[in-house]
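Visitor: Below, each chain spelled out in residue letters.
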Amino acid sequence: MNAWYSEELAARYQNRARRCLWFVVALAVLGLAACIFMCTKVRTGNASRLLAAVILTSTLAGWAAILLIGFVYRPTKAQAGHMLGLMNTEAETLTGTLALEKGGFRIPGSIVVRKVRLRTEDETLTLNLNARYAAKLPPEGTPVKVTVRRKFITACEVIQDGEA
Amino acid sequence: MEKLKRFWNLVPALILWAMLSIFLWGWIFTFLTDTAPENKLTLFVDAAVPDSTGLAVRLEENALSDEIRMVKVHPFSYAMLDGEPLRRADTYIVRVSHVEEYWEWFAPLPERLTAGAAPVGSYQQPIGASLLLLDGAPYGIRVYDAATGTGIAQAFIDYHDPALPDEDYYLMLGKESLHLTANEGGQDDKAILLAEAILALP
Numbered sequence: 001m002n003a004w005y006s007e008e009l010a011a012r013y014q015n016r017a018r019r020c021l022w023f024v025v026a027l028a029v030l031g032l033a034a035c036i037f038m039c040t041k042v043r044t045g046n047a048s049r050l051l052a053a054v055i056l057t058s059t060l061a062g063w064a065a066i067l068l069i070g071f072v073y074r075p076t077k078a079q080a081g082h083m084l085g086l087m088n089t090e091a092e093t094l095t096g097t098l099a100l101e102k103g104g105f106r107i108p109g110s111i112v113v114r115k116v117r118l119r120t121e122d123e124t125l126t127l128n129l130n131a132r133y134a135a136k137l138p139p140e141g142t143p144v145k146v147t148v149r150r151k152f153i154t155a156c157e158v159i160q161d162g163e164a
Numbered sequence: 001m002e003k004l005k006r007f008w009n010l011v012p013a014l015i016l017w018a019m020l021s022i023f024l025w026g027w028i029f030t031f032l033t034d035t036a037p038e039n040k041l042t043l044f045v046d047a048a049v050p051d052s053t054g055l056a057v058r059l060e061e062n063a064l065s066d067e068i069r070m071v072k073v074h075p076f077s078y079a080m081l082d083g084e085p086l087r088r089a090d091t092y093i094v095r096v097s098h099v100e101e102y103w104e105w106f107a108p109l110p111e112r113l114t115a116g117a118a119p120v121g122s123y124q125q126p127i128g129a130s131l132l133l134l135d136g137a138p139y140g141i142r143v144y145d146a147a148t149g150t151g152i153a154q155a156f157i158d159y160h161d162p163a164l165p166d167e168d169y170y171l172m173l174g175k176e177s178l179h180l181t182a183n184e185g186g187q188d189d190k191a192i193l194l195a196e197a198i199l200a201l202p
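Chains as they are written, first to last, in our numbering: chain A, 1 to 164; chain Y, 1 to 202.
Hint data in this document are derived by calculation from the structure and do not stem from the laboratory. Predicted, not measured: the structure shown is a model, and the values here were computed from it. For glycine and all other residues, C-beta sits at the position ideal for the given N, C-alpha and C. It is possible that some hints are incorrect.
Some chain Y residues close to chain A (C-beta under 7 Å, calculated; not the full set) [unchecked claim]:
id, residue
1, Leu10
2, Pro12
3, Leu16
4, Trp17
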């Protein structure tokens with residue numbers, strides 16, 4: 001079974017988020033220190049040039065921090081939180097064929113979710129899938145065995161011929 | 001697509017940060033590049049000053065001391081919103097036709113500036129002919145002669161206003177200046193030092 005969710009992976013995400021946060025803090029401190037250093041060098045003759053340099057430094061450092069928080073820290077922290085939240089819940093194993101539905105939605109402050117239909121022998125279930133793993137799903141119609149926690153697919157394995 | 005959407009969500013924060021950065025550092029630099037009137041000398045020019053920073057740096061070479069930390073040069077238009085800094089300036093360069101309008105701001109020139117042949121840089125001329133007298137007292141030294149087109153600091157000051165006829169310009173001292181002991185509350189005579197530095201400009 002290809003387990004997509006594990007406590008080790010969640011811990012890795014947490015560490016990555018922590019490292020990213022430290023990097024952002026270091027960037028902010030470095031940017032501020034550079035600006036303060038330039039302020040100490042202000043003279044009548046270079047004031048306008050230094051003001052432009054300080055604004056540029058401060059703006060670029062701030063933008064880098066905002067982009068890092070938006071593109072690395074928040075998504076990584078959301079993944080870790082989501083995984084840890086599911087790891088403590090009861091798991092259920094189901095078999096059938098999967099079909100990924102179009103579109104998706106973001107849980108506010110958390111991950112992007114895609115809807116998946118699982119057709120078993122008895123019924124058709126609508127499950128949730130972390131959008132990060134959408135590309136890892138086997139082609140539609142392939143028989144699979146999935147682990148489901150709170151309606152989220154957390155592991156998936158293709159059933160080989162004869163195994164079912 | 002998801003990343004593009006996420007980027008668009010961050011755009012307001014990026015714009016807000018850039019604006020905050022400009023305003024915050026602009027505000028901080030206003031403090032860094034200014035000081036109390038006791039510690040600075042000011043020159044207000046009744047003409048365009050395309051290179052006010054260059055002129056201030058040149059004047060600082062001769063006018064800075066322990067008490068004076070900077071020289072500020074502004075055109076009259078700088079005081080458009082608040083006339084107080086203009087009224088309390090240490091020195092002025094004023095168009096002759098505007099002297100009457102502002103004459104209450106000017107102090108009579110001390111003898112140190114009017115006596116003999118004061119150093120006037122490349123703008124050499126008999127000092128007697130270049131003085132502006134008001135009620136018999138010398139109030140201004142001519143620094144730009146419209147008839148010949150000669151004057152001081154023409155690399156920094158543009159004496160030609162396309163909307164007005166060419167006129168003489170005079171260097172005056174401020175009546176409210178803290179740097180003229182002849183004035184009420186005057187603490188030193190650094191305004192005279194600044195005037196001499198202005199007159200020494202090529």
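Visitor: Evaluate each hint against the coordinates.
Guide: Hint check results:
1. This hint holds: Leu10(Y) has a C-beta 5 Å from the nearest C-beta of chain A, less than the 7 Å allowed.
2. Of the supplied interface hints, the one on Pro12(Y) is violated, with its beta-carbon coming no nearer than about 10 Å to a beta-carbon of chain A, more than 7 Å.
3. The beta carbon of Leu16(Y) comes no nearer than 9 Å to any beta carbon in chain A, farther than 7 Å, and the hint placing it at the interface is violated.
4. The interface hint given for Trp17(Y) holds, since its Cβ lies 4 Å from the closest Cβ of chain A, which is under the 7 Å cut-off.
When the structure is compared with the earlier hints, violations turn up for hints 2 and 3 and for no others.
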